[in-house]
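Protein chains: 2
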Amino acid sequence: MKNLLPADAAATYRLAGRVWLEGPTERFLGIGRLELLTHIGATGSISKAATAMGMSYKRAWDLVQSMNAQAREPLVVTQTGGSRGGGASLSEAGAAAVAAFAAVQARFEAFLLAETRRLLG
Amino acid sequence: MKNLLPADAAATYRLAGRVWLEGPTERFLGIGRLELLTHIGATGSISKAATAMGMSYKRAWDLVQSMNAQAREPLVVTQTGGSRGGGASLSEAGAAAVAAFAAVQARFEAFLLAETRRLLG
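Chains as they are written, first to last, in our numbering: chain A, 1 to 121; chain B, 1 to 121.
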């Protein structure tokens, strides 16, 4: 590919991409949901996690509901205490999902880097 | 991941994704552009390739212009003969780009399959 592109392509072009775990009816986990889970684990709050990601609370809540509905056990556990008052935390299943998908994402990033080098190096 | 998901997850969940070659200002090649180039090579016509992909002629033309502008030599060569009258063909560079990106795509699909098995197998 290198010889088809501008001379500085090795510095300016790169293979980019996205991966996600697709379920029978909808997405289960992708990089955005992974980040959301990570923020929920770090902040103890869906609302704070949404703010950290520049995402509406409703959007974050919908994503959590989608993941919880698809998993055998909820990935995010919410404490009662009003619509935005209660805290939230990752369950053991949630922590395991974060770890497993973060590993997939890391291997994907290594793939992208290796392919970029192969194409342009 | 398997133990977090429904019992039939190995049959119903899969890692999905997209990769594309990103240039300094815009995308250079992705699966859609690869398919467009392949159709142009097969039909000898941007218009027929657009129709085959359910894409407007303008969209197909814009994608071809984007690729041609970024490559050292045009990937698609058009013959004169009116706005939609002339034919189009892949240049040698175009054929090389198709081959190189199709190989990336094939390795990516192997990656997705291997990761799906790793997560759910």
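Keep in mind that the hints are not guaranteed to be accurate.
Identical copies carry no separate label here, and so any pair may be met within one copy or between two of them.
[Said to hold, decoys possible] Restricting the straight-line Cα-Cα distance to at most 25 Å, the calculated cross-link-like pairs of lysine to aspartate or glutamate (DMTMM-like) are:
(1) LYS2 to GLU26
(2) LYS2 to GLU92
(3) LYS2 to GLU109
(4) LYS58 to GLU26
(5) LYS48 to ASP8
Source of the hints: derived by calculation from the structure; they are not laboratory data.
Structure-based check of each hint:
In this assembly of identical chains, LYS2 and GLU26 lie within 25 Å of each other by CA distance solely across copies; the values are 17 Å between and 37 Å within a copy. In this homomeric assembly, LYS2 and GLU92 come within 25 Å of each other (Cα to Cα) only across copies, at 14 Å, whereas the closest approach inside a single copy is 46 Å. Taking the closest pair of Cα atoms, LYS2 and GLU109 come within 25 Å of each other both inside a single copy (20 Å) and across two copies (22 Å). For the homomeric pair LYS58 and GLU26, the shortest alpha-carbon distance inside one copy (18 Å) is at most 25 Å, but the shortest distance between copies (32 Å) is not.
With identical chains, the CA atoms of LYS48 and ASP8 are never at most 25 Å apart, being 42 Å at best within one copy and 34 Å at best between copies.
Consistency note: the structure conflicts with earlier hint 5 alone.
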